[in-house]
Amino acid sequence: MAQAALKNTSIEEFEKKQEWWWAAEKRRSSRLDYLRKAIWKKGAIGGLYAPGVKTDLEQAVLTTNMARSLENAPDPYVVKSAKIFAHVLDNKTIFITDHAQLVGYTGSLPHTMNWNPSIASILNAEVFNDPTSIPDPVDKNQAVIQDIVGYWAGKSDLDKMMPVFDMEDMMKMLSGSIGWGVPLARGGYSNKDYEYLMTGKRAFQEILEEIDKKIDEADELVHTPVANKEIALMYDKLNNWEAMKICLEAGIRIAKRYARLARIIAENFEEDPKRKEELLKIAAACERVPAHPPRTLQESFQYDIFIQMMSRTEAIEGAWPCRPDYYHGPYYDKDVNIDKTLTPEEALDLVGEFLIRAAEVCQFKPKFAREGLQGIDGTWVWTMGGVDANGRDACNDLTIAFMQAARLVRVANPTFAFRWHPHVQDKVMREVFECIRHGLGYPSIRHDPILIANAMHWHGHPIEEARLWVHQACMSPNPPTKHGYQPMRMANATANCAKIIEYVFTSGFDKIVNMQVGAETPDVTTFKDFEEFFAAWVTQMKTIFSILVRSVNRARVLAPTLTPRPFLSAISERSVESGLDTLDPSIARGNAWITAFTWVENADSLAAVKKLVFEEKKYTMAELKEALDKNWEGYEEMRLDFVKNAPKWGNDDDYVDSIMLRCLDECAKFSKEIKCPCGNNWPILPENVSGNIHYANIVGALPNGRRLGDALYDGGISPGPGLDKNGPTAVLKSCGKIDHITQGRAFLLNQRLSPTQLAGEKGYQLWRAYMRTWADLGLDHVQFNMVDDSTLRAAQKDPEKYQEVIVRVAGYSAHFVDISRKTQDNIIQRTVQGLG
Amino acid sequence: MATCKECKNFFPLTDNPAKGDCVQRVVDPRQAYYKSKPVNAEDDAASCPSFQKRS
Amino acid sequence: MKCTECGYEAPLSEFRYLYNARIDGSISIRQCKNCEQWLAVDELKGVALEKVTGGAAPWGKSAGIEGLAEDVKKKKRRSA
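Chains C, D and F are the protein sequences, given in the same order. No gaps in the numbering here: position 437 of the first sequence is 727 in my numbering, and each next residue is one more. No gaps in the numbering here: position 3 of the second sequence is 4 in my numbering, and each next residue is one more. No gaps in the numbering here: position 75 of the third sequence is 648 in my numbering, and each next residue is one more.
These are computed hints drawn from the structure, not numbers from a lab. We put the CB at the ideal spot given by N, CA and C, even for glycine. Fair warning: there could be bad hints in the mix.
Quick list of in silico lysine-lysine cross-link-like pairs, DSSO-like style, CA-CA up to 30 angstroms [claimed, not checked]:
| no. | chain 1 | residue 1 | chain 2 | residue 2 |
| --- | --- | --- | --- | --- |
| 1 | F | Lys-624 | C | Lys-370 |
| 2 | C | Lys-306 | F | Lys-634 |
| 3 | C | Lys-965 | C | Lys-934 |
| 4 | D | Lys-36 | C | Lys-1027 |
| 5 | F | Lys-618 | C | Lys-1052 |
| 6 | C | Lys-344 | C | Lys-1091 |
| 7 | C | Lys-832 | C | Lys-306 |
| 8 | C | Lys-491 | C | Lys-519 |
| 9 | C | Lys-564 | D | Lys-38 |
| 10 | C | Lys-920 | F | Lys-618 |
| 11 | D | Lys-9 | D | Lys-54 |
| 12 | D | Lys-36 | C | Lys-571 |
| 13 | C | Lys-934 | C | Lys-962 |
| 14 | D | Lys-36 | C | Lys-370 |
| 15 | C | Lys-450 | C | Lys-908 |
| 16 | C | Lys-717 | C | Lys-832 |
| 17 | F | Lys-606 | C | Lys-1087 |
| 18 | C | Lys-297 | C | Lys-564 |
| 19 | D | Lys-54 | C | Lys-491 |
| 20 | C | Lys-546 | D | Lys-20 |
| 21 | F | Lys-618 | C | Lys-1091 |
| 22 | F | Lys-606 | C | Lys-1015 |
| 23 | C | Lys-430 | C | Lys-571 |
Facing chain F, a subset of chain C residues (Cβ under 8 angstroms, in silico) [as the list claims (entries may be wrong)]:
| no. | residue |
| --- | --- |
| 24 | Lys-306 |
| 25 | Leu-852 |
| 26 | Gly-995 |
| 27 | Leu-1013 |
| 28 | Gln-1119 |
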């Protein structure tokens, strides 16, 4: 928008037109405006990174050089890993952006994407083959990359793991047809032991002292005149402790480098006294944390940013599990309400900047991840609200500040997920609703009592720990506690579930990747009744889930020795205490889950087959098989019959809903048969990110009427776009038939609401009434898009004008113009539910 | 031979002047910032495009 | 089927199938292999309807109450 038009239009006028992004721009402080516009947008568009965004070679070079220099060193592997980590932190370029009050970034410069070449050689190959993101001069840097790629070939984590995996499972998994990602301890979603780290009792220096004590005790033990197994194993623990110390000390040193830079700027360059003061405050914060526990809100945020930065130096993080209002809330209260050292407006600036610092984080990702997470780098779903360990309302003033800041900075990532419970105050719910009404697509709403019970049911977390849960990725709860926290959720336990029904028709042969992936179930035309057909479905489900889970289990067992995480271990109570790597299954309770992408197609397809083939006998199975083989080409009338004349999920129709429940029952039963190395269960969790688009060209035609190429449903337990014809209550009733405690780990529900209908106080009351029904029916999740058709179509037509329109894709939000046309159309065609 | 310690961008460590930081102002298309990288005082700066002789 | 843009004629299946965003409708998007234009196609009739441009809505409005308020307004205006 032209600056003059922006200046001449009032905030109220923009809000009336629901152009929230312009209203936000006028409403936010000049500092936030500068910092918000300073972000280099790093989410991939169409699988490609935006012009100007470049792969950061610095960490790659530092890592490789250090690895080379350590090749002949006598250090154990875990110590070498820690030394490489420390070398990167000690030597990387750091920067401080003008107007910033918080510092720390994963890459070396603001426009760069961090690349750690020691993790996966297949990722390294993608760096080499993506010339658009290679920094200038391309020829010279391509040679640098080639050297790095060559060095790590055969040495990366993945290369070390590959030979010790089951090769058949691995090939099926890497075909990309049934799962995505690879099972690596340094590539996925790491929760943190926030109860150890973020409760003000200790920080790095205090942990170092704890480790020193442990080392002293161990040293004494191994030198007593005795020999036994405990002593034999103690040397490994000593190595782990040493590695942890190296990481923590490096963490303190890099913070001091930031402090020093802030002082250099203040003393040598900055002329504005106010900014000088801010820089000195940054310096003081970085001298304090992460060495010691924070004292102020700024220090608390700074501490958190450093931890995230370091964790992303050690590993590729696809998520950002945290609960910032809970852990930073006491500092907000102290600074704003008690000591009054910060005004609410100053605090809001810090909160907004904290969101911005997260929004700019990016690590180079493989193409499948870029396509699956269109427009964002990872799913930073931040947990808000909820209850404390005693079950009391944990919402605080910072919860509200986060909601307000989100509306000011309007970043698509991080997003929030709000833990609703019956005691949440109305003023908090209003703030939550305002974010949704402003079209952010977040917070998603989570049912705290249901999910706490769920965490206890599936993984046996004690209630006090279950109550502290955070989102480990988009959806799955995980307590950030000593034994409860899961150090890595390996993303490849993500099942492309539409393949279950597809393989029933192909006897497990995958025509897209041209290999036998599923079980060799009998020819589908030989099935005499629906029960035989369903039995084949169960067999395919078990086969796919097992392939994915086996590889994760194997990787988890091998991780402590082959791919240790010394930094993550150093901030985990169980590792500091035991001397074992934090991935070691023996010291964790387990919190595994199978993400079930493209799930609802199964219920709709099974219902269509049951009704039209087995009951009404309108079509033979052979006819259906042929139509699917031909991708419904030439069978349009028949295809529409399968869409329109078979019951569809989301309409409160028991015919199809009972099939959904039966499928979930089978999965829940099997979830308790398959176990993780901690001995715990593998429940399923239906949700999609934008896997429904990624898999559009990987999943063949299905009996629900979908053709190869069409987007799959938008995921979780969301009905197919336009297929939920009986209104929002019917959707809730269908979803409410599922037992959200015992039938799976969580169930994503996308709903689209009308911004016109939900305007004003009346709109809020309509939404509250809807939410009461949602809560009463016991659903664990719901999230909303509230942008109308005309705005979205206008954004398609004139994307430059609508750069800031945000939509909820699935478990995350994205700027509408950054997602593919197919995804855009898929979102527009979702049913707009009328409430009331 | 020009070395880092002769450069305006070089800020030595108080406790170890043989080491220091190369601090530079950068204005990119989206933001302005100061960046810092550890260097040695005696590092060869002859081919450094950012070298500015300390007066 | 005939391409509305370049006049290229070929059986429906030779126009590359891209996707249909409304599974319960018979409008799809296909690509002409001659001029590479995206076309909205009526799958039942086997007819190309129009080219697909930015902001085009070949499936019409989304299901549900989208636009209800405007429709109500129009009705009110008409009745007044």
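Against the structure, the hints come out as follows:
Restraint check for Lys-624/F and Lys-370/C: the C-alpha separation of about 59 angstroms exceeds 30 angstroms, so the hint is violated. Of the pairs offered as hints, the one joining Lys-306/C and Lys-634/F holds, with about 22 angstroms between alpha carbons and a cut-off of 30 angstroms not exceeded. Using a Cα cut-off of 30 angstroms, the hinted pair Lys-965/C and Lys-934/C is violated, with the two alpha carbons roughly 40 angstroms apart. At roughly 57 angstroms between alpha-carbon atoms, Lys-36/D and Lys-1027/C are farther apart than 30 angstroms, so this suggested pair is violated.
Between Lys-618/F and Lys-1052/C the alpha-carbon distance is near 45 angstroms, which puts this suggested pair outside the 30 angstroms criterion. Taking the CA atoms of Lys-344/C and Lys-1091/C, the gap is near 25 angstroms; set against the 30 angstroms cutoff, the hint holds. For a cut-off of 30 angstroms, the pair hint linking Lys-832/C to Lys-306/C is broken: about 52 angstroms separates their Cα positions. Under the criterion of a C-alpha separation no larger than 30 angstroms, the hint pairing Lys-491/C with Lys-519/C is inconsistent with the structure, at around 34 angstroms.
For a cut-off of 30 angstroms, the pair hint linking Lys-564/C to Lys-38/D stands: about 26 angstroms separates their Cα positions. The hinted pair formed by Lys-920/C and Lys-618/F meets the criterion: a straight-line CA distance of about 18 angstroms does not exceed 30 angstroms. A threshold of 30 angstroms between alpha carbons decides the hint, and for Lys-9/D with Lys-54/D the separation of about 6 angstroms falls inside it, so the pair holds. Under the criterion of a C-alpha separation no larger than 30 angstroms, the hint pairing Lys-36/D with Lys-571/C is consistent with the structure, at around 18 angstroms.
For the hint pairing Lys-934/C with Lys-962/C, the CA-to-CA distance comes to about 36 angstroms; that exceeds 30 angstroms, so the pair is violated. Only pairs whose Cα atoms come within 30 angstroms are accepted, and Lys-36/D paired with Lys-370/C is accepted, the gap being roughly 28 angstroms. For the proposed pair Lys-450/C and Lys-908/C, the alpha carbon gap of about 54 angstroms is over 30 angstroms, so the pair is violated. Proposed proximity of Lys-717/C and Lys-832/C is contradicted: the alpha carbons are some 46 angstroms apart, above 30 angstroms.
Of the supplied pair hints, the one linking Lys-606/F and Lys-1087/C holds, its CA atoms being roughly 24 angstroms apart against a limit of 30 angstroms. About 27 angstroms separates the Cα atoms of Lys-297/C and Lys-564/C, which keeps this hinted pair within 30 angstroms; it holds. A C-alpha spacing of about 48 angstroms is found between Lys-54/D and Lys-491/C, which places the hinted pair above 30 angstroms, so the restraint is violated. At most 30 angstroms may separate the alpha-carbon atoms for a hinted pair to count; Lys-546/C and Lys-20/D meet this at roughly 15 angstroms.
Taking the CA atoms of Lys-618/F and Lys-1091/C, the gap is about 37 angstroms. The hint is violated against a cut of 30 angstroms. With a C-alpha separation of about 36 angstroms, the suggested pair Lys-606/F and Lys-1015/C falls outside the 30 angstroms cut-off, and the hint is violated. For a cut-off of 30 angstroms, the pair hint linking Lys-430/C to Lys-571/C is broken: about 40 angstroms separates their Cα positions. The closest approach between the C-beta of Lys-306/C and any C-beta of chain F is roughly 14 angstroms, which is over the 8 angstroms cut-off, so the hint fails.
Interface hint status for Leu-852/C: violated, as the beta-carbon distance to the closest one in chain F is roughly 42 angstroms, over 8 angstroms. Taking 8 angstroms as the C-beta cut-off, the interface hint given for Gly-995/C holds, the closest approach to chain F being about 5 angstroms. With its C-beta approaching chain F no nearer than about 6 angstroms, Leu-1013/C sits inside the 8 angstroms limit, and its interface hint holds. Proximity of Gln-1119/C to chain F holds as hinted, the smallest CB-CB distance being about 5 angstroms (cut-off 8 angstroms).
In this structure, the hints that do not hold are numbers 1, 3, 4, 5, 7, 8, 13, 15, 16, 19, 21, 22, 23, 24, 25, in rising order.
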